[in-house]
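Each chain, letter by letter, is given below.
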Amino acid sequence: GESVGLHLPTLSVQEGDNSIINCAYSNSASDYFIWYKQESGKGPQFIIDIRSNMDKRQGQRVTVLLNKTVKHLSLQIAATQPGDSAVYFCAENWGDMRFGAGTRLTVKP
Amino acid sequence: DTAVSQTPKYLVTQMGNDKSIKCEQNLGHDTMYWYKQDSKKFLKIMFSYNNKELIINETVPNRFSPKSPDKAHLNLHINSLELGDSAVYFCASSVRANEQFFGPGTRLTVL
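Protein chains in written order, with the numbering used here: chain A, 1 to 109; chain B, 1001 to 1111.
In isolation and in its complexed conformation, chain A is listed as follows (with noise of 0.2 angstroms):
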């Protein structure tokens, strides 16, 4: 499943699918990008980063994309499963952070 940011704020996906959730950031002098997910009562907790001279990043299970272009982020996140249902926001740094709207992912399972 893929979501596209501001215009659909919630994605649902299938547990064990794979999951893409967009992000437009707005400054293109910005230099660092963050993912992070909030669960339901918890504050958000980082997943994973990326510097603008990079075009790609992996962790466990996740992905984020950086195509500087655009100004497009993405998180790509492999077999989503049921933990992975949260609120995901993108950042990005040009002297201080800023949080993108945040997009919610279900996942049915």
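Source of the hints: derived by calculation from the structure; they are not laboratory data. Don't be surprised by glycine CBs; every beta carbon is placed ideally from N, CA and C. Careful: at least some of the hints might be erroneous.
Stated by the list, open to error - In the PhoX-like style, the derived pairs of lysine-lysine whose C-alpha atoms are separated by at most 20 angstroms in a straight line are:
1. K42/A / K1071/B
2. K42/A / K1041/B
3. K1041/B / K1067/B
4. K56/A / K42/A
5. K42/A / K1009/B
6. K1009/B / K1044/B
7. K1022/B / K108/A
8. K42/A / K1067/B
9. K1022/B / K1071/B
10. K42/A / K1036/B
11. K1040/B / K1022/B
Claimed, not checked - Negatives, chain B to chain A, calculated, CB over 10 angstroms:
12. L1011
13. Q1014
14. D1018
15. K1019
16. D1030
17. K1044
18. N1051
19. K1071
20. H1073
21. D1085
22. S1094
23. N1098
Assemble the complex: chain A is given as a structure, and chain B must be docked to it using the hints.
Just chain B now, kept in the frame of chain A:
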């Protein structure tokens, strides 16, 4: 050990009251922040403190004032509370503008 802690977790109060939310971090970070998260989950930065100096002050009403007694604490004082102040407030800390570690949040309800 809790890295970033906030108290209280829930705060219910009447309009017009003055209240404070406390935040402490034991990570040795040099920068601390306060965010407001509205009902649509939008996170808005309110303040940040770096080495006891305010370095960001967004368009926040002056009824809100951060107080940092030391590098490990950044408290948020709110005067004359209004209905629109109801939200979840998060404290966070970082080493400069890198990855931020968030507290568990304080849900403020103004009646």
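How the hints compare with the structure:
Taken as a hint, the K42/A and K1071/B pair is broken in the structure, with Cα atoms around 24 angstroms apart against an allowance of 20 angstroms. The suggested pairing of K42/A with K1041/B holds, with an alpha-carbon distance near 12 angstroms, which does not exceed 20 angstroms. Using a Cα cut-off of 20 angstroms, the hinted pair K1041/B and K1067/B is violated, with the two alpha carbons roughly 25 angstroms apart. Distance restraint check for K56/A and K42/A: the Cα-Cα separation of roughly 28 angstroms exceeds the 20 angstroms cut-off, and the hinted pair is therefore not satisfied.
Our distance criterion of 20 angstroms between C-alpha atoms is met by K42/A and K1009/B, whose separation comes to about 11 angstroms. At most 20 angstroms may separate the alpha-carbon atoms for a hinted pair to count; K1009/B and K1044/B meet this at roughly 19 angstroms. A distance of roughly 38 angstroms separates the Cα atoms of K1022/B and K108/A; the hinted pair therefore is violated under the 20 angstroms criterion. Between K42/A and K1067/B the CA atoms are separated by roughly 24 angstroms; this puts the pair beyond 20 angstroms, and the hint is violated.
For the proposed pair K1022/B and K1071/B, the alpha carbon gap of about 13 angstroms is at most 20 angstroms, so the pair holds. At most 20 angstroms may separate the alpha-carbon atoms for a hinted pair to count; K42/A and K1036/B meet this at roughly 14 angstroms. Of the pairs offered as hints, the one joining K1040/B and K1022/B is violated, with about 24 angstroms between alpha carbons and a cut-off of 20 angstroms exceeded. Against chain A, the non-interface label of L1011/B holds: every CB pair exceeds 10 angstroms, the least being about 15 angstroms.
Here Q1014/B stays apart from chain A, with its beta-carbon at least about 25 angstroms from theirs, past the 10 angstroms limit. The non-interface label for D1018/B is consistent with chain A: the shortest C-beta to C-beta separation is roughly 25 angstroms, beyond 10 angstroms. Non-interface status of K1019/B relative to chain A is upheld: no Cβ of that chain comes within 10 angstroms, the nearest being about 20 angstroms off. Look at D1030/B: its CB is around 14 angstroms from the nearest CB on chain A, clear of 10 angstroms, so calling it non-interface holds up.
Its closest Cβ contact with chain A, about 8 angstroms, brings K1044/B to no more than 10 angstroms, contrary to its assignment away from the interface. Its beta-carbon lying about 15 angstroms from the closest one in chain A, N1051/B satisfies the requirement of being farther than 10 angstroms from that chain. No Cβ of chain A comes within 10 angstroms of the Cβ of K1071/B; the nearest lies about 19 angstroms off, and the non-interface call holds. Against chain A, the non-interface label of H1073/B holds: every CB pair exceeds 10 angstroms, the least being about 17 angstroms.
At the 10 angstroms boundary, the C-beta of D1085/B stays outside the reach of chain A, the nearest C-beta of that chain being 19 angstroms off. At roughly 8 angstroms, the least C-beta separation between S1094/B and chain A is not larger than 10 angstroms, which violates its mark as non-interface. Annotated as non-interface, N1098/B brings its C-beta within 10 angstroms of a C-beta of chain A; the closest such distance is 7 angstroms.
Hint compliance for this structure: hints 1, 3, 4, 7, 8, 11, 17, 22 and 23 are not met, and every other hint is.
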